[in-house]
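Q: Protein chains in written order, with my numbering: chain H, 1 to 278; chain A, 279 to 563.
Hints may contain errors.
[What the hints assert, rightly or not] Some chain A residues judged to face chain H by a derived CB distance under 8 Å, without partners named:
(1) Leu447
(2) Trp449
(3) Ser453
(4) Asp455
(5) Trp548
(6) Met550
[Unchecked claim] Straight-line alpha carbon distances no greater than 20 Å define the calculated EDC-like cross-link-like pairs of lysine to aspartate or glutamate that follow:
(7) Lys446/A x Asp72/H
(8) Lys441/A x Glu102/H
(9) Lys446/A x Asp196/H
(10) Lys204/H x Asp455/A
[Unchecked claim] Ranges of calculated distance between the beta carbons of each label pair, as one might list FRET restraints:
(11) Met538/A x Gly86/H: 50 to 60 Å
(12) Leu507/A x Ala126/H: 51 to 61 Å
(13) Gln418/A x Gly181/H: 37 to 47 Å
(14) Gln152/H x Leu408/A: 47 to 57 Å
(15) Gln152/H x Lys534/A: 22 to 32 Å
(16) Leu258/H x Arg457/A: 37 to 47 Å
(17) Leu258/H x Leu461/A: 38 to 48 Å
(18) Leu339/A x Glu143/H: 53 to 63 Å
(19) Leu467/A x Thr76/H: 26 to 36 Å
(20) Leu461/A x Thr262/H: 40 to 50 Å
(21) Glu143/H x Lys534/A: 33 to 43 Å
(22) Val386/A x Ile234/H: 44 to 54 Å
(23) Leu408/A x Asp31/H: 41 to 51 Å
(24) Gly86/H x Pro375/A: 35 to 45 Å
Derived by calculation from the structure, the hints in this document are not laboratory data.
A quick note: this is a predicted structure, and the numbers were derived from the prediction, not measured.
Ideal placement from N, C-alpha and C gives every residue a C-beta, glycine not left out.
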Amino acid sequence: MMGGQGLPETRTGPDPASDLLSISRFCVWFDGRLVLRNINLNIPSGQFVAVIGPSGSGKSTLMNCVAGFIQDGNHTAIDGNISINGSAPQSRGLRRGVVFQEYALFPWRTARRNVEFALAAAGVPAAERKGRALDYLKLVQLENSGDLFPHQMSGGMKQRVAIARALAFQPDMLLMDEPLGAIDAITRDRLVRLIDEVWRETRKTVLYITHNVSEAVALADRVIVLKSNPGEIILDQQIELPRPRDALSGRAVELERLLRETIPQDDGAQEDGRAEAR
Amino acid sequence: MRRSNSLAARTPEPVLRKLRGPAAQAAALVAFLLIIGLVWDLLAAWGGFPRLLFPTASQILERLWSMARTGALLSATMPTLGRMALGFCIAALAGVPIGLWMGRSQIVEDFLSPTIRILLPIPSLAYVPLFILWLGLTLQAVVLLIVVSAVLPIIVNTWTGTKAIDRKLTWVAQSMDVRGVVLFSRVFLPAAVPSIMMGLRQGLSMSWRAAVGAEFFSMAQSGLGVTMLEAQGYQQTDVILSLLIIIMVISFALDKWVFMQIESMTINRWGMQAEKSYPGRKGRR
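If we strip away everything but chain A, and leave its shape as in the complex, we get (with noise of 0.2 Å):
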C-alpha cells in the first residue's frame, strides 16, 4: 500500500488523459473561447486600434445577435448552404460510382488515375477564371467549382479503399458462387462505406470550402462570402466577423456533428473504423 502510494506520488497522474469525453471536450471548448474572447477584448481595448476596424468581443455578439434576430443570417447563409448541398450531391453521385469502378477494374483504373493525380494538388480556386469565362457569373459555375473540389477526394478515397477490401472476404462469397451484382452489393459495396464515408467527409469540406470561396469572386449575388463583401465595402468589420463565426461553426458542425451520426449508425456500430483521425476515441474499450 504505502509503496504504492510512493510510486504514484513520483509519478504524477498525467492531467490531460483526463480531458476526455463529451462533457470535458464541452468545457474545454467553452474555456477556450473564453480565452479568446478575453485576449480579443484586451487587444480591442489597449492595442490602440480604431474601433472600426477592430470591434470588442461583445460589439460582435451583438451583432451577430441582430443579424439572427432580422433574418439578416439566415438569408446570407442559406444560398451558400444550398449550393454547396447541390454540388456535393452531384459530386458524391458521381464520385462514388467512379471510384468503386475504378477499384473493380484494372482497365479503368489504369485510364483514369493518371488524370486523377494531376489534377489532385491543383488548387480549386485555380479553376475560377476559367469555369466564369465558360459559364459566366452563374449559378452553373459555382456548382461546377464544387463539383470539381469535391468529386477528387471522393473518388480517391473510394477507389482507395475499395482496392483494399480483404481478398478473403470476396473468397468466402466466390466460393459460395455469389457473384456479379450480388456479390457488387452484398460485399464489395458494404466492405467500402468506411472509405466511401471517408471519402465524404472530405468532399463535403471541400465543397464546402469552394462554395465560400466562390463568392469572394462574385460568381454568385447572395451568400455568406457577398455578404462579406458587402460589409466590406461599408467597413461594417463586426459582420465581417460574425459572418466568420458562422462560416467557422458550419465547417465544424458538418463535419463532426453530421458524419459523426452516421459513422456511429454503421461503421462504428460494425467496428470497422478505418481511420485514426479521433484521438483518444481509438483503441479504448
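Pulled out of the complex, with its shape left as it was, chain H reads as follows (with noise of 0.2 Å):
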C-alpha cells in the first residue's frame, strides 16, 4: 500500500493528512428527527465520489452541510465534525464549486456573464474575464452560446452553464446536488460523457449526489450507499474501471447489479423525504 502517494483509488483507510474531506460521526436532526447517523467518509484530493439513495436517505442534507449551507439552528441540530482541508464548512476562504439540480443560474446575466461571477469571485483582473468565461463555455462544449440567457437555454446547456461557472471559481472540490435529475435521459447519457471528459482534464475533487445508480458507476472512483430514516452509510464501493467506461461491460454491469441490490427500497419514506430535502 503506498498511502500518501498520487492514486487515492488504492488507499483504504483513512489519511488526515491527504483528506481534502474529511466526515466524521456526523449527525443531522432536523426538529429532533434524526436525519443522518453517524456518517464517517473520508475523500482524499482529487477523488470522484457518488453518494446515493433513495429518497429520505439525507443525501442532500449531506451535501449542503458540506457546502456549508446547512448550520446548527433553530430547527437543526448537528453533531459530529466537518473538516475542508482542516477548515470547518462555514469558514471563509474555502473554495467549493456547487451545482444544484435547478441549476441556479442568475436569470440577468447570460451564460457568458454567469461564468464572469464566478471569475470575478475567484479574484480575476475584469479584463482577463471575457476570455476565461469562452475558455469555460468551451470546456462544456457551449463556445457559441455565451451570449445567451439562461431562459433560452434548454435544461441541458443550463446544466453545462452551471458546471462551467462552478469549475471557473477555481474550486478545491465540486459539490454537484443530483445535476442530471432534471435532464432528460437522452441528454443525461451526452452529459455524463461530458462530465467525465471534464473531469478527466481537471481532475477535481468530487462530491456527486444521485439517485441514478448507472451515473453513479459512470463517473464515480468511489460509491457511497446510503439507507434512509435515518440516512446512514451502508457501502462503500470503489469502482475500478478505466475511463471512459462502458457502461455494457461485464464489471460495470456486475457492479450496478451489486449497487442496485444494496440500495433499500423505498419504504413509504418519500414523503419524509421531499420534506427533508428542502
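Mind docking these for me? Both chains are given alone in their own frames, and the hints should help you get the complex.
A: Okay, structure coming up:
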C-alpha cells in the first residue's frame, strides 16, 4: 500500500494528512428527527465520490452541510465534525463549487456573464474575465452560446453553464446535487460523458449526489450508498474501471447490479424524504 | 384531408384568440372608442338632458382641442404631474430600501410588518384632514399624501419579492465566498428587480390617484383637479369631461407605456417576468 502517493484509489484507511474532506461521527436532526446518523467519510484530493440512496436518506442534506449551507440553528441540530482542508464548512476562504439540480443560474446574466461572476469571485482581473469565461464555456461545449440568457437555453445547456461556472471559481472541491435529475434520458447520457471528460481534464475532488446508479457507476471512483430514515452509510464501494467507461462492460454491469441490490427500496418514506430535501 | 376539414368545420376557430398583437389591440381600442362616442351622442341627442350638462362628443373634443391650443390643458396638467413625480420619487427612494431591508433582516421585518399590515388597507384620502391640519393647504401636505399612498405598495412588493428570492442563487454566491455588499448588489438587488418593478408600477398608479384626488380638497391652487372644480363652478361640463379623458389617458400611459418600456429592457429580456397581468403575452414563444 503506497499511502500518501498520488493514487487515491489504492488507499483504504483514512489519512487525515491528504484527505481534502473528512467527515466524522456526523449526525443531523431536523426538528428533533434524526436525518443523518454517524456519517464517517474521508475523501482524498482528486477523488470522484458519488453518494446514492433513496429519498429520505439525507444525501442532499449531507452535501448542504459540506457546502456550509446548513448550520446548527432553530430547527436543525448538528453533531460531529466536517473538515475541509482542516477548516469548518462555514469558514471563509474555502474554494468550493456547487451545482444544483435546478441549475441556479443568475437569470439576469448571460451564460458568459454567469461564468464571469465566478471568475470575479475568484479574483480574476476584469480584463481577463471575458476570455477566460469563453474558455470555460468551451470546456462544456458552449463556446457559441455565451450570449444567451438562461431562459433561452435548454435544461442540458443550463446545467453545462452551471458546471462551467462552478469550475471557473477554480474550486478545490466540486459539490453536485443531482445535477442531471431534471435532464431527459438522452441528454443525460451525453452529459455523463461530458462530465467524465471534464473531470479527466480537471481532476477535481467531486462529491456527486445522485439517485441514479448508472450515473454513479459511469462517473465515480467510489460510490457511497446511504439507507434512509435515518441516513446511514451501508456501503462504500470502489469503482476501479478504466475511463472512458463502457456502461455495458461485464464489470460495470456487475457493479451496477451489486449497487442496485444494496440500495434499500423506498419503504413508504417518500413523503418524509420530500420534506427533508427542502 | 377531408377528415381534418370536417373537424375544423365542427370546431370553429375562436375569433377572440386572433385579437392579439399591438395592431389588433389598437384597432380594438379605436372601435371601442367609436362605439362609446356613438352611444354618448345618441344619449346626448335623444336622452332629454340639458345640452349644458350633457354635451355631445364633438363638443367635448372641440373643447379639448381649444384647451390644448391655448395652453390651458398643459398648465392644468403639469402641476399635477409635477407633484406626482415629486411624491413618487420620494416614495420610491424610501420604499425600495425599506422593502429590501425588511426582506433581508428578520428583526426589521418583525418590527415593521405589523404597522404595514394595519396601514395598507386604509384609503389614502382618509389622511387628508390630518395632513391639512398638520401642514395646511401646502405643497408639503399634497406631497406627503402622495408619498403615503405610493410608499406602501412599493415596500410590500419589494419586501415579499426579496423574501421569495431563490435560496440557491444565494447559496451559489455564498459557496464562492461572495458576501456582504457584493452579495447584495450582485445577487439580491438584480434578483429583486421584478418585484421592485411591480411595486413601483403600483406605487406610480397610487401616487397619480393621490395627486389628482388631493386637488379636490383644495390642497393645491392649480392642476387638473383644481381646473375641474372651477369648471364645475361655471357649469362647464365639457371641460370636466375633457379633463377626465386626459386623466384616463395619463393613467394608461404611465402604467403601460412607461413601465412596459422599462420592463422590456430588463425583466422581459431576462425572462424573469414575475406577474401574470398581461393575458395573451405570457406562455407564448
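Q: Each of the hints needs a verdict: does it hold here or not?
A: Now the hints, each set against the structure:
Taken as an interface hint, Leu447/A checks out: its beta carbon lies about 6 Å from the nearest beta carbon of chain H, inside 8 Å. At its closest, the beta carbon of Trp449/A sits 5 Å from a beta carbon of chain H; the interface hint therefore holds under the 8 Å criterion. The closest approach between the C-beta of Ser453/A and any C-beta of chain H is roughly 4 Å, which is under the 8 Å cut-off, so the hint is satisfied. Look at Asp455/A: its Cβ gets to within about 6 Å of chain H, closer than 8 Å, so that hint holds up.
Of the supplied interface hints, the one on Trp548/A holds, with its beta-carbon coming within about 4 Å of a beta-carbon of chain H, less than 8 Å. For Met550/A, the shortest C-beta to C-beta distance to chain H is roughly 5 Å, which falls under 8 Å, so the interface hint holds. Among the hinted pairs, Lys446/A with Asp72/H is consistent with the structure: their alpha-carbon atoms are about 19 Å apart, no more than 20 Å. About 19 Å separates the Cα atoms of Lys441/A and Glu102/H, which keeps this hinted pair within 20 Å; it holds.
Using a Cα cut-off of 20 Å, the hinted pair Lys446/A and Asp196/H is violated, with the two alpha carbons roughly 25 Å apart. About 19 Å separates the Cα atoms of Lys204/H and Asp455/A, which keeps this hinted pair within 20 Å; it holds. The beta-carbon spacing between Met538/A and Gly86/H, approximately 55 Å, falls within the hinted interval of 50 to 60 Å. Range check, Leu507/A to Ala126/H: Cβ separation about 58 Å, and the 51 to 61 Å hint holds.
Judged by the Cβ atoms, the range 37 to 47 Å given for Gln418/A and Gly181/H is violated: they are separated by roughly 58 Å. In this structure the hint that Gln152/H and Leu408/A lie 47 to 57 Å apart at CB holds, the actual value being about 51 Å. In this structure the supplied range 22 to 32 Å holds for Gln152/H paired with Lys534/A, their Cβ-Cβ distance being about 26 Å. The supplied range of 37 to 47 Å is met by Leu258/H and Arg457/A, whose beta-carbon atoms lie about 44 Å from each other.
A beta carbon spacing of about 44 Å between Leu258/H and Leu461/A agrees with the range 38 to 48 Å that was offered as a hint. Hint check: Leu339/A to Glu143/H, Cβ distance near 60 Å, so the stated range 53 to 63 Å holds. Here the CB-CB span from Leu467/A to Thr76/H is close to 28 Å, well matched to the stated 26 to 36 Å. For Leu461/A and Thr262/H, the Cβ-Cβ distance of about 41 Å falls inside the hinted range of 40 to 50 Å, so the restraint holds.
The hint said 33 to 43 Å for the Cβ distance between Glu143/H and Lys534/A, and at roughly 40 Å that hint holds. For the hinted restraint 44 to 54 Å between Val386/A and Ile234/H, the CB-CB distance of approximately 46 Å keeps it satisfied. As the Cβ distance of Leu408/A to Asp31/H is approximately 47 Å, the hint placing it in 41 to 51 Å holds. Remark: the range hint 35 to 45 Å for Gly86/H to Pro375/A is upheld by a beta-carbon distance near 41 Å.
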